[in-house]
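2 protein chains.
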Amino acid sequence: MTALEHLSTPAALIDTARMARNITLMQTRMNELGVKFRPHVKTSKCIEVVRAQVAAGASGICVSTLKEAEQFFAAGITDILYAVGMAPVKLAQALALRRKGCDLKIITDSVEGATAIAAFGREHGEVFEVWIEIDTDGHRSGVKPEDAVLIDVGRALHEGGMQLGGVMTHAGESYSLNTPEALRAMAEQERSGCVRAAQRLRDAGLPCAVVSVGSTPTALAAQQLEGVTEVRAGVYVFFDLVMANIGVCQPDDIALSVLTTVIGHQREKGWAIVDAGWMAMSRDRGTASQQHDYGYGQVCDAQGRVLEGVVMSSANQEHGIVSAADGSREDMAKRFPVGTQLRILPNHACATAAQFPQYQALQAAGEAAEWPRFYGW
Amino acid sequence: MTALEHLSTPAALIDTARMARNITLMQTRMNELGVKFRPHVKTSKCIEVVRAQVAAGASGICVSTLKEAEQFFAAGITDILYAVGMAPVKLAQALALRRKGCDLKIITDSVEGATAIAAFGREHGEVFEVWIEIDTDGHRSGVKPEDAVLIDVGRALHEGGMQLGGVMTHAGESYSLNTPEALRAMAEQERSGCVRAAQRLRDAGLPCAVVSVGSTPTALAAQQLEGVTEVRAGVYVFFDLVMANIGVCQPDDIALSVLTTVIGHQREKGWAIVDAGWMAMSRDRGTASQQHDYGYGQVCDAQGRVLEGVVMSSANQEHGIVSAADGSREDMAKRFPVGTQLRILPNHACATAAQFPQYQALQAAGEAAEWPRFYGW
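As given, the protein sequences belong to chains W and Y, one line each in that order.
Note that the first sequence ends on residue 377 in full-length UniProt numbering; no numbers are left out.
Note that the second sequence ends on residue 377 in full-length UniProt numbering; no numbers are left out.
Among these hints, one or two may not hold up.
Since the list gives no way to pick out one identical chain from another, each pair is judged satisfied if it fits inside one copy or across any two copies.
Derived pair list, reagent style DSBU-like, types lysine-lysine, alpha-carbon separation capped at 35 Å [stated by the list, open to error]:
| id | residue 1 | residue 2 |
| --- | --- | --- |
| 1 | K67 | K90 |
| 2 | K100 | K269 |
| 3 | K334 | K36 |
| 4 | K36 | K144 |
| 5 | K36 | K90 |
| 6 | K100 | K90 |
| 7 | K144 | K269 |
| 8 | K36 | K100 |
| 9 | K90 | K334 |
Everything labelled a hint here was simulated from the structure, so no lab data went into it.
Because the structure is a prediction, the values reported are computed rather than measured.
Next comes chain W alone, as it looks inside the complex (with noise of 0.2 Å):
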């Protein structure tokens, strides 16, 4: 355990007592919808968040990567959903999970896609359990829940000799919100087509046991999910300030902030330079398309209280430029003289935490415990 003051910055801090409150938040949530949960651990990356996550309530977990899937099922986690297409290439590093006993599933969202699972799996008398993947808001990836190819994906799956597990969608257009009333919509427009999507397949006589929908905001702006079996989001566990505009969280929500340290000073720009750069807040400038613009971070003291109207307005590789919002031209000298230690709270969290090896775990007396990450492929 080390006391704040002595850590060597920048570094990724957690305040524990936030992140038990959001933890708390989601899964009770969760449980008034009368729905399991998975939590997306792709945000944290770390054993010690997820296992306090699984204390909550949890049910499984979902990965980004075939990494996360391995590092997970090695600290004890079986049930796992590895959300993202799965790559031909990537089916022998599944089929040694699930050699392992590792309960993996997979998604696929295209004819091709299952026929390359199928094939693999017969070849190597692997039964996948493969989830299909349904686009219900035009963001990214997914068959729309009315797509024709939807049935071929599901019989290509079935007829192969494979487990379908059921369909799963994520409404990432959810990020672009800022109003209850559009994330309600949103979350019931997200229900809605993954249950319709469900409801095709078995009217095919194929099996849809899972219904998998969720992103952070439309998880807590659902009024009802009927037909649902499970939600999935991730970023909820640190929440950040793309959250804070959307208006799932305040600021003083968010768990995880970069220690930073006041290095230098140009006095006549009312700059103060930290050793945080964009290496460790990360290049996400997700807020400079929302309504409050906060650069590369809002600003707080060593204790976490913001520091309202200042932000990280600039950044390069190791160098953060600190100063007012409003271009104002404060004594920054003065008020945060070389050696004074900030918190920055970030743009992204996921993007944010990935820069680090390691969270510093702010414990209630104030001292921080090593808590490790990992990252990669």
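We have chain W; now place chain Y onto it with these hints.
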């Protein structure tokens, strides 16, 4: 060694022939200008790459984090400049490196910083070698060459018992230029400002042996470097699309690319979806403000040949959308079937490389050797 088609994706490929050409280009230019060359290793963070730079004639290295200093010192490199303003909290780490025999140089640009270094040095009986950072372009940190504070900083170091080793500057503003004339002018501004600062220190009776300048664009544009003792540059080792827009390389000089696999399509939109998203490419959209916007990267075939007009137009965490840059809706399912490998040239090599735990270094025979890299602080 792994054959390209068996690599799991996304993977960070180094075209070693291009890298060797880039290293030779820069070192030859520096030899012609009669200055030492100190590569900035923040771009690669990889000992195999840095060994090739040293073998070509580099004198010492420049780092952006003390972790880089530790890693490269452990690999046998002793002459290291840590080119980010020293934070007092990191002095113990710098001291430990020097005590092990590392010839580590640190920098500052303020009396506050200089005083903190000198106090710590005296307390621990260590004469730190310190260079003063000069601001020659208004871009970031540094004391202006004519600023009275320059002499105060020099005195705080020299009279404080430290070794005032020299001055250094980085004209990062060169990244916003794109004509040979403007780049030559910026190179001269960088040179003359730094030489002037050195002269002022010497005129005040202070030592100033080293005059260190550089950025990839100014290093390649400089016509003469009178008074300069060494040049630093980093991204030239790989180059990238930002550098191509600035005009200091061509796209087919770029030695770093991300190998990716097609995992699906949205035919009616003209999209191929690949398994490299922003987690692989980074969120860097550095070409967005330049004359040619490449989205998240320029698409090439698996052999590295540029596919004109095809870019990664959008990205999610682990999904990239490959489409025509002009918005035309080609049948990407026909052109790039599921399983097709593509290479994506990055906007910013430093940012993209940082997303990967290792490189796949392509040898002349077409096989890849794994070269580890590190990250974090």
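Checked hints:
1. K67 - K90: both (11 Å within a copy, 33 Å between copies)
2. K100 - K269: neither (59 Å within a copy, 40 Å between copies)
3. K334 - K36: So K334 and K36 fail the 35 Å test inside a copy (52 Å) and across (39 Å) alike.
4. K36 - K144: within (24 Å within a copy, 61 Å between copies)
5. K36 - K90: within (28 Å within a copy, 46 Å between copies)
6. K100 - K90: within (16 Å within a copy, 45 Å between copies)
7. K144 - K269: between (52 Å within a copy, 13 Å between copies)
8. K36 - K100: Classified as within: same-chain Cα gap 25 Å, cross-chain 55 Å, threshold 35 Å.
9. K90 - K334: This pair counts as between: shortest inter-copy Cα distance 22 Å, intra-copy 55 Å.
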